[in-house]
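Each chain, written out:
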Amino acid sequence: MELSGADIFVHCLQDEGVEMVFGYPGGAVLPIYDALYQQDKVQHILVRHEQAATHAADGYARSTGKPGVVLVTSGPGATNAVTGIATAYMDSIPLVVFTGQVPTALIGNDAFQEVDSVGITRPCVKHNFLVKRVEDLAETIKKAFYVATTGRPGPVVVDIPKDVSTQVTEYRYPKRISMRSYNPTVKGHPRQIRKAVELMLEARRPVLYTGGGVVLDKASRALVEFTRLLGFPITNTLMGLGSYPATDRQFLGMLGMHGTYEANMAMHNCDVLVAIGARFDDRVTGNVEKFCPTARIVHVDIDPASISKNVKVDVPIVGAVGQVLREMIKQLKATGRRPDEAALAEWWKQIEEWRAMDCLKYDRDSDQIKPQQVLETLYKVTRGKAYVTSDVGQHQMWAAQFYKFDKPNRWINSGGLGTMGFGFPAAMGVQLAHPDETVVCVTGEGSIQMCIQELSTCLQYGLPVKIVNLNNRYLGMVRQWQEFFYQGRYAMSYMESLPDFVRLAESYGHVGMQITDPADVEPAMKEAMKMKDRLVFMNFLTDPAENVYPMVPAGAGQNEMILV
Amino acid sequence: MENEAGALSRVAGLFSARGYNIESLTVAPTEDPSLSRMTLVTRGTDEVIEQITKQLNKLIDVVKLMDMYEGPHIERELMLIKVRAANGGREEVKRLADIFRGRIVDVTDTLYTVELTGDGEKLDAFIAALPQADIIEVVRSGVTGIARGERALRV
Ligand SMILES: Cc1ncc(C[n+]2csc(CCOP(=O)(O)OP(=O)(O)O)c2C)c(N)n1
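Which chain is which? The protein sequence lines are A and B, in order.
So in this note's numbering, the last one in the first sequence is 564, and the numbering has no gaps at all.
So in this note's numbering, the last one in the second sequence is 1155, and the numbering has no gaps at all.
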């Protein structure tokens, strides 16, 4: 039977098992919206800004491991989506973003709402397509999902001109697809794995440094088994939190610029570093010249281009981290050997000394609300089980430091691009994917205003997201840098003319709470969490002068932390 | 590479986004019309070349990649050069063209246009040998290359 491009589009999504699309209509996608209207298998979530559509789809993807799907119109619809696409790209999140395009005959004519979507998104997608003929539509959509979800995942844009969605052709959705130019390597080389195992068995001061790749490859179980088997200390990147239980003794906390003292010192002093699904980002390494001066380095990553990009490694292993971990476990067991117990015990003794510095301590007797207290309380009240999204700034770092994630896919933040405005729409995507779970958005008064309009979306779909606004009246992270590195010249970092967030939430039909006294933090939060089916906006007025510690200043080595 | 619209800009975009430098670039369809072959000349340390290789391989449109410098190979570039050739100079240009095995492909009363192929150095040498003031226009195709012996870039 012949179908229109728009109907083909809808069939493809159904056949791909897509349950939800985040989007916003407009001229170029009217035929597609008309087709969506006439079915009920794929739910469409109407956001209030296309940026939020991409972040919501992203949150959906990060919390489920399934690709997020977005549909926006041409021109401004597409450009509004770019921030979210770039955010997903930097964190390797599988998204398929459909953009409408002007009719093929008008492309290149500066037509109304025309923009070169493929050109604009090229540097921030894994791949993109312009569909020129309706005959190519189904196969292109199949390819888009295939590319987005395999290998190192990432966003894929499919640009669909309006006439392609009205033309008709025979529909057939390919079951499988292969592309001669795309063969994501998955299996680690056994000989390299043997070398790595040998190195680990010889190690006297080892550290495991693992990242978002473990979450993306759903390899958390294997990582836990591997880590326990070796008895090595482990640290996670900002993106890797939750892939190893934070409450476990072997866990040193997050590393990097605002990582723990013990994690960064262990990195700096280790003799064998095993990096798994992490990419030696500059926020992790600090000054690369001073990075891990005494270590031999193993690096496991699915993307060969990540290996030896920033830091030269000794044993590169290209492969999916889950498979490589399982193979390492097998080989380790087969050797019957154990790492040097005495050396390890000595190493742990040293690490415990670093840990005893208690680098995350803060003033618990202040008469102002300390942001750390709010996060600790959040952890306690939600019993560590919430899905926590965050925006970007100090609150993000405090959330990463103080909420102990024991499971993967629970901590959702924009690590690579650092996109303010991400947290709240991402929380909507998480909540839609997990209607019965507690979903919290930790944010600041700066970030939340970047996608505040989504309060309306939450009302429409009954999304009971809990917003924890750490309102310090400052773009806190900017203020902190100005205090440290610009002699306290606070240029444009004070947030004046803030709205009354309580009444703002109420005007959108939600519950607003204002918390100003440290003693009220816990009761207020408990009360908010009891409102299972309401969005609650908790506006905590926190100490405006609080800084995030510890800190590795830019240009310093990991052992050169500012402690308090 | 896949012979698709956009493939070239993906490569060019990669080089500019990551700060690599393109010295020359040639591209044309192959005997298989679904594929085109690109020869790109760039410069860098071993680490940079390794990164470039990996990043190029990551592009979905890149089917296969070969670093010519990993083995013996032949490099060729085509140059067309328009030179003032009047009176006494005429003989001199012709003589130089002969020495470099160039061909004169267009003639006027006062000009010669010489066609010359070879590796980059040979073309540079020819340009240097001409009286500089007489050179009117130079057009170079950029380098293409092929490996010697059994080594071949095939899909
Ligand atoms: C879209 C965007 N613009 C600017 C920045 C730079 N930036 C990083 S943190 C920050 C301040 C964030 O302030 P707020 O949301 O109030 O959080 P706080 O640091 O106070 O916790 C800014 C402006 C950014 N990360 N993203």
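Treat the hints with caution; some may be incorrect.
As the list claims (entries may be wrong) - With a cut-off of at most 20 Å between alpha-carbon atoms, the simulated DMTMM-like pairs for lysine to aspartate or glutamate come out as follows:
id	chain 1	residue 1	chain 2	residue 2
1	A	Lys132	B	Asp1061
2	A	Lys312	A	Glu289
3	A	Lys132	B	Asp1067
4	A	Lys312	B	Glu1050
5	B	Lys1054	A	Asp281
6	A	Lys309	A	Asp282
7	A	Lys218	A	Asp406
8	A	Lys312	B	Glu1002
9	A	Lys41	A	Asp15
10	B	Lys1064	A	Glu198
11	A	Lys404	A	Glu289
12	A	Lys309	B	Glu1047
13	B	Lys1058	B	Glu1047
Simulated from the structure, these hints should not be mistaken for laboratory data.
Hint-by-hint comparison with the structure:
1. A:Lys132 / B:Asp1061: Holds: Lys132 of chain A and Asp1061 of chain B sit about 17 Å apart, inside 20 Å.
2. A:Lys312 / A:Glu289: Holds, at about 11 Å.
3. A:Lys132 / B:Asp1067: violated, 34 Å
4. A:Lys312 / B:Glu1050: holds, 12 Å
5. B:Lys1054 / A:Asp281: Measuring from Cα to Cα gives roughly 18 Å; hence the hint holds.
6. A:Lys309 / A:Asp282: holds, 11 Å
7. A:Lys218 / A:Asp406: Roughly 14 Å separates the two Cα atoms, so the pair holds.
8. A:Lys312 / B:Glu1002: violated, 32 Å
9. A:Lys41 / A:Asp15: holds, 10 Å
10. B:Lys1064 / A:Glu198: violated, 34 Å
11. A:Lys404 / A:Glu289: With Cα atoms ~31 Å apart, Lys404 of chain A and Glu289 of chain A exceed 20 Å; violated.
12. A:Lys309 / B:Glu1047: holds, 8 Å
13. B:Lys1058 / B:Glu1047: Cα-Cα ~17 Å, so holds.
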